[in-house]
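Engineer: Chain by chain, the residues:
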Amino acid sequence: MKADLIIIGGGIVGTTIARELSKYKLQVLLVEKEADIGFGSTKANTGIIHAGYDDIPGTIKANLCVRGNTLWPQIAAELGIPFIRTGSWVVACKDEEANTILKLKRRGIMNNVPGLQIIDDRKQLLMLEPNISNKVLLALYAPTAGIISPYEAAIALAENAYHNGVQIQLETEVKDILLEKNAIVGIRTNRGLIETNSVINAAGIYSDEISAMCGINHFSITPVRGEYFVLDKNLNGYVRHILFPVPTPVSKGIVVSKTVAGNLIIGPNANNVNEKTDLATTKPGLNEVFEGAQKLVPGLASKRGMVITIFAGLRAESSIGDFIIEAYDSPRGFINVAGIKSPGLTAAPAIAEKVIQLLKNMDSDLNEKKNYNPSRESIQRTIDSLSTNQSWTNMPKDPNYGHMICRCEHVSEGEIVEAIQRGANTFDGIKFRTRAGMGRCQGGFCTPHLIRILSRELDLKAKSITKHGRFSSIVPYEVKESLMEER
Amino acid sequence: MNREITCIICPIGCRATVVLRGENIVSINNLECPRGKPYIINEIKAPVRDFFSIVKIEGASIPVLPIRTTGPIPKEKMLDCMVELAKIVVKAPIKIGNIIVENFCNLGVDVISTKDLDAIQ
Amino acid sequence: MQNIDVAIIGGGAAGLSAAIEAKKTGAENVLVLERGEELGGILQQCIHTGFGLHYFKENLNGPEYISRFIKTVHELGIDYKLNTMVLQISPNKKLLAMNSVDGPLRLQAKAIVLAMGCREKPRGALAIPGTRPAGIFTAGTAQRLMDVEGYLVGKKIVILGSGDIGLIMARRFVMEGAKVEAVVELMPYPGGLHRNVVQCLEDFQIPLLLQHTITNIQGRDRLKRVTTAKVDKRFTPIPGTEKNIECDTLILSVGLIPENELSRGLGILIDTKTGGPFVDEHMETSERGLFACGNVVHVHDLVDHVTWSGEVAGKNAARVVLDTFPRYKERISLSAGRNVQYVVPQFISGKKPVNLSIRVKRPARRVEINIGNELAFHKPVVRPSEMVVLTLRENQIMEKTKLTVIVRKRR
Numbered sequence: 001m002k003a004d005l006i007i008i009g010g011g012i013v014g015t016t017i018a019r020e021l022s023k024y025k026l027q028v029l030l031v032e033k034e035a036d037i038g039f040g041s042t043k044a045n046t047g048i049i050h051a052g053y054d055d056i057p058g059t060i061k062a063n064l065c066v067r068g069n070t071l072w073p074q075i076a077a078e079l080g081i082p083f084i085r086t087g088s089w090v091v092a093c094k095d096e097e098a099n100t101i102l103k104l105k106r107r108g109i110m111n112n113v114p115g116l117q118i119i120d121d122r123k124q125l126l127m128l129e130p131n132i133s134n135k136v137l138l139a140l141y142a143p144t145a146g147i148i149s150p151y152e153a154a155i156a157l158a159e160n161a162y163h164n165g166v167q168i169q170l171e172t173e174v175k176d177i178l179l180e181k182n183a184i185v186g187i188r189t190n191r192g193l194i195e196t197n198s199v200i201n202a203a204g205i206y207s208d209e210i211s212a213m214c215g216i217n218h219f220s221i222t223p224v225r226g227e228y229f230v231l232d233k234n235l236n237g238y239v240r241h242i243l244f245p246v247p248t249p250v251s252k253g254i255v256v257s258k259t260v261a262g263n264l265i266i267g268p269n270a271n272n273v274n275e276k277t278d279l280a281t282t283k284p285g286l287n288e289v290f291e292g293a294q295k296l297v298p299g300l301a302s303k304r305g306m307v308i309t310i311f312a313g314l315r316a317e318s319s320i321g322d323f324i325i326e327a328y329d330s331p332r333g334f335i336n337v338a339g340i341k342s343p344g345l346t347a348a349p350a351i352a353e354k355v356i357q358l359l360k361n362m363d364s365d366l367n368e369k370k371n372y373n374p375s376r377e378s379i380q381r382t383i384d385s386l387s388t389n390q391s392w393t394n395m396p397k398d399p400n401y402g403h404m405i406c407r408c409e410h411v412s413e414g415e416i417v418e419a420i421q422r423g424a425n426t427f428d429g430i431k432f433r434t435r436a437g438m439g440r441c442q443g444g445f446c447t448p449h450l451i452r453i454l455s456r457e458l459d460l461k462a463k464s465i466t467k468h469g470r471f472s473s474i475v476p477y478e479v480k481e482s483l484m485e486e487r
Numbered sequence: 001m002n003r004e005i006t007c008i009i010c011p012i013g014c015r016a017t018v019v020l021r022g023e024n025i026v027s028i029n030n031l032e033c034p035r036g037k038p039y040i041i042n043e044i045k046a047p048v049r050d051f052f053s054i055v056k057i058e059g060a061s062i063p064v065l066p067i068r069t070t071g072p073i074p075k076e077k078m079l080d081c082m083v084e085l086a087k088i089v090v091k092a093p094i095k096i097g098n099i100i101v102e103n104f105c106n107l108g109v110d111v112i113s114t115k116d117l118d119a120i121q
Numbered sequence: 001m002q003n004i005d006v007a008i009i010g011g012g013a014a015g016l017s018a019a020i021e022a023k024k025t026g027a028e029n030v031l032v033l034e035r036g037e038e039l040g041g042i043l044q045q046c047i048h049t050g051f052g053l054h055y056f057k058e059n060l061n062g063p064e065y066i067s068r069f070i071k072t073v074h075e076l077g078i079d080y081k082l083n084t085m086v087l088q089i090s091p092n093k094k095l096l097a098m099n100s101v102d103g104p105l106r107l108q109a110k111a112i113v114l115a116m117g118c119r120e121k122p123r124g125a126l127a128i129p130g131t132r133p134a135g136i137f138t139a140g141t142a143q144r145l146m147d148v149e150g151y152l153v154g155k156k157i158v159i160l161g162s163g164d165i166g167l168i169m170a171r172r173f174v175m176e177g178a179k180v181e182a183v184v185e186l187m188p189y190p191g192g193l194h195r196n197v198v199q200c201l202e203d204f205q206i207p208l209l210l211q212h213t214i215t216n217i218q219g220r221d222r223l224k225r226v227t228t229a230k231v232d233k234r235f236t237p238i239p240g241t242e243k244n245i246e247c248d249t250l251i252l253s254v255g256l257i258p259e260n261e262l263s264r265g266l267g268i269l270i271d272t273k274t275g276g277p278f279v280d281e282h283m284e285t286s287e288r289g290l291f292a293c294g295n296v297v298h299v300h301d302l303v304d305h306v307t308w309s310g311e312v313a314g315k316n317a318a319r320v321v322l323d324t325f326p327r328y329k330e331r332i333s334l335s336a337g338r339n340v341q342y343v344v345p346q347f348i349s350g351k352k353p354v355n356l357s358i359r360v361k362r363p364a365r366r367v368e369i370n371i372g373n374e375l376a377f378h379k380p381v382v383r384p385s386e387m388v389v390l391t392l393r394e395n396q397i398m399e400k401t402k403l404t405v406i407v408r409k410r411r
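In order, the protein sequences belong to chains A, B and C. Quick note: the first sequence uses my numbering, first residue 1, plus one each step. Quick note: the second sequence uses my numbering, first residue 1, plus one each step. Quick note: the third sequence uses my numbering, first residue 1, plus one each step.
Check the hints yourself; a few may be wrong.
[Said to hold, decoys possible] Dumping the calculated DSSO-like pairs for lysine-lysine here, alpha-carbon to alpha-carbon at most 27 Å:
| hint | chain 1 | residue 1 | chain 2 | residue 2 |
| --- | --- | --- | --- | --- |
| 1 | C | Lys-155 | C | Lys-273 |
| 2 | A | Lys-463 | C | Lys-155 |
| 3 | A | Lys-463 | C | Lys-110 |
| 4 | C | Lys-179 | C | Lys-273 |
| 5 | C | Lys-243 | B | Lys-95 |
| 6 | C | Lys-81 | B | Lys-95 |
| 7 | A | Lys-283 | C | Lys-110 |
| 8 | B | Lys-75 | C | Lys-273 |
| 9 | C | Lys-110 | C | Lys-71 |
| 10 | B | Lys-87 | A | Lys-461 |
| 11 | C | Lys-156 | A | Lys-461 |
| 12 | A | Lys-463 | B | Lys-87 |
| 13 | B | Lys-56 | B | Lys-75 |
| 14 | A | Lys-94 | A | Lys-135 |
| 15 | C | Lys-24 | B | Lys-77 |
| 16 | A | Lys-461 | C | Lys-179 |
| 17 | C | Lys-230 | B | Lys-37 |
| 18 | C | Lys-71 | C | Lys-155 |
| 19 | C | Lys-71 | B | Lys-95 |
| 20 | C | Lys-110 | C | Lys-93 |
| 21 | C | Lys-224 | A | Lys-461 |
| 22 | C | Lys-155 | C | Lys-179 |
| 23 | A | Lys-463 | B | Lys-56 |
| 24 | A | Lys-276 | C | Lys-273 |
Treat the hints as calculated values from the structure; they're not laboratory data.
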């Protein structure tokens, strides 16, 4: 196998770069070690498109965050994914926090964040956010902040890149990068050798290990775990903006926000962990998150029963402190895109631009394609086609779009089949593309249907259907098998 | 020897203590009413249970057919019966009440279908 | 827009008996809308016996019990639609439903019966910490996967919650060759019926860990182990009592929630104690002509009672259509007092006999159930797992506006 350029990592960073590169006449291959796009840090974060006042002026982060924020609306529109500019508030409830708010605003102005405003009229604050703590004193309002679904975004970016010629290989883990005379000649994976002269390292929390394969060791990545709660859609509208507490030096703090699907999300905390696979939530961590959220929105105390799921995600915290986006003289052809933690999702489109710039500086052999198509058709949602009053008769491509499988999120069989045709091959893959199983019953009712549909469409035995790849089989045995073995 | 048995005749759920000498019941203690006595004696001498399960079915919309026996079976035979049942594969169509195995494991009860399942192409 | 007399949302035990009774009472055009691929609802996966002991005086399993109603539905020529999801109901009784044959269905009904049943609480509601591997199922999902789809979800099982479905699944797992390592229950007493504790756990020597909970879940791909711990009186895990159990499957049987998303959309009033709509003795909700029955009203432990509540709802829905529905001016509210979780119906007229369903909060021996100040019923024992059903005759009701139900030790 051969490619002009290989991107390692199918998270939000890798897929944004892939789509950007698909504009050029270049044979690009994206390799991802998991069973699907966006299965790493991308699937487990708050999904916020930050305004850009947090980061220290002059850092790469600060520049790319503000730039990324301006790029997302168009990208989301092209990809057919929701992006909602809710605006964000940093909320001060104590006098001593007011200073930080002022500092943040100054920082924001230096970072060229538009529209920042301090709201210090308590009445107005409580009117705009009726469920916020009545201890609120003032808030920094950033109108450009918004929300997105990060896994939907990564999947959509990958799909669009694929349609523009990028090859994608899943369950492909890079074991080594092959060098000759200070230049890259290929990579060795669990699936064999792939020849290439250029590698972009977008491996998230593993980006230090990939970098080390090229002898570049000047940074390390520490996984920093954040824990979250997702609450029932019946709480849609409970908060209207993304609500941040006043940040501490280590973290932007525990956020209360709605999601693009209309759920309420609260989190994350920030704890260093030893293992890059440690995605376990913990009792103290979850308590910390819920209590933190209650400080901003005290009414949440009575909403614990409306929690539908909990999860944890890992941030790639680099020892450098800033994003690492660089090319090297030795080895030639290697670009690090590492240490991309928050605001990585926001910055991703700007990171991709920067990577293109690095590539152009390297050998400038990038020629634009004529037939690049930036737009992607999203999966046709039966429920949306009903609410937009379009005549149903010209909506369904096949009757499966009338058969509702997920009763909580109203997902039809047609949508699920379409998701599979677009590459979903696991439960989580379907979930992230269609929301089936993501509602209040968390797959209780649709699990048997999803097994049936996946096994039919992929022509697989039910026991080969997994939750998220590898050994995560959902129904590993058939009844009577083990009874027959006994005799 | 003493054995503890929970009476299930009424919602009280007395925890009866049965004093045994060999196979013989010497006394039954801690029962609040006399109604549970026959049940407790039965539980000592010859406990029986309802038997129900599924068997594999071919040619139907689902791969398993729910079944039950026409009467209770000895408790200690239940797991053996499951192994016997695992060997059975029936073919659709099948009607509720159809006998699947007569005189199941020589226990004097039949295994019957508890669901209608049509044959599908 | 299709016009119908009585639209019935849900073709399970409650919905089918409502449909049958509506038709028998004289409603001509009765339509059952069922989201599953067959009629019968959850009973189709309840292959254990013990159904119908009260209603039919026979010992049937779930599919057998419900087949009798399905047969009657066919005999009476009652119309039904399968694989049909009701997406919206408006208070003027317009419905929007969807299936693959008709596409969107817009219906106008004269009366509606809500019979959507209930759903299971997922892991998130308990916020059990740990990882998110495959191998965690709610009991009903595992039951469906085993007894309808023919899959065994695992071989080393831990069950959290000793409600009836959890207990019944414990036995099913053992019978199908899996090992049940433990059933873990937070409360100091089991959550399910007594009979099930004996026949599902004791018969197979499955340990029942009372006053225990699960504090951690481990495993990256498939579940590897769970941690149990003893809890104190406030249900907080006691440090030092943690034990790991190696297992590949965790079954959650931690409670059922009446499925009232459609009811909520309608704006009918929901009782926070039952999780279902407020109903009167006719099973009418706070909206006229909108009835509810079965587990959508409150979670029952016996299907026989579900059937009966469906019959009441169906009969009265038909009476609305026929314009013979009795509306009483009198309205006595029933409320839950000491050691009572809820009482259904929440409103009665006091003009006719009515069956009250009472769920207690805590088990108690030798109790007196007081309904208002005048009436006392004696019970040898009450438990949260076993609904108390009392018949109240009209001449027993003295109070005019409000009756409080309390359960206390007999004096």
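Engineer: Taking the hints in turn, state whether each one holds.
Structural biologist: Here is what the structure says about each hint:
1. Lys-155/C x Lys-273/C: Not satisfied, since the Cα-Cα distance of roughly 37 Å exceeds 27 Å.
2. Lys-463/A x Lys-155/C: Distance of about 14 Å is within 27 Å: holds.
3. Lys-463/A x Lys-110/C: Measuring from Cα to Cα gives roughly 47 Å; hence the hint is violated.
4. Lys-179/C x Lys-273/C: 36 Å, violated
5. Lys-243/C x Lys-95/B: Between Lys-243/C and Lys-95/B the Cα gap is close to 48 Å, so the pair fails against 27 Å, i.e. violated.
6. Lys-81/C x Lys-95/B: 23 Å, holds
7. Lys-283/A x Lys-110/C: Outside the cut-off at roughly 51 Å; violated.
8. Lys-75/B x Lys-273/C: Violated: Lys-75/B and Lys-273/C sit about 40 Å apart, past 27 Å.
9. Lys-110/C x Lys-71/C: 25 Å, holds
10. Lys-87/B x Lys-461/A: 21 Å, holds
11. Lys-156/C x Lys-461/A: 22 Å, holds
12. Lys-463/A x Lys-87/B: Holds - the C-alpha atoms of Lys-87/B and Lys-463/A are around 21 Å apart, at most 27 Å.
13. Lys-56/B x Lys-75/B: Given that 27 Å is the threshold and the Cα spacing comes to 23 Å, the pair holds.
14. Lys-94/A x Lys-135/A: 8 Å, holds
15. Lys-24/C x Lys-77/B: 45 Å, violated
16. Lys-461/A x Lys-179/C: Holds, at roughly 24 Å.
17. Lys-230/C x Lys-37/B: Since the Cα atoms of Lys-230/C and Lys-37/B sit roughly 35 Å apart, the hinted pair is violated (cutoff 27 Å).
18. Lys-71/C x Lys-155/C: Measuring from Cα to Cα gives roughly 37 Å; hence the hint is violated.
19. Lys-71/C x Lys-95/B: With Cα atoms ~13 Å apart, Lys-71/C and Lys-95/B stay inside 27 Å; holds.
20. Lys-110/C x Lys-93/C: Since the Cα atoms of Lys-110/C and Lys-93/C sit roughly 7 Å apart, the hinted pair holds (cutoff 27 Å).
21. Lys-224/C x Lys-461/A: 23 Å, holds
22. Lys-155/C x Lys-179/C: Cα-Cα ~6 Å, so holds.
23. Lys-463/A x Lys-56/B: 17 Å, holds
24. Lys-276/A x Lys-273/C: 44 Å, violated
When the structure is compared with the earlier hints, violations turn up for hints 1, 3, 4, 5, 7, 8, 15, 17, 18 and 24 and for no others.
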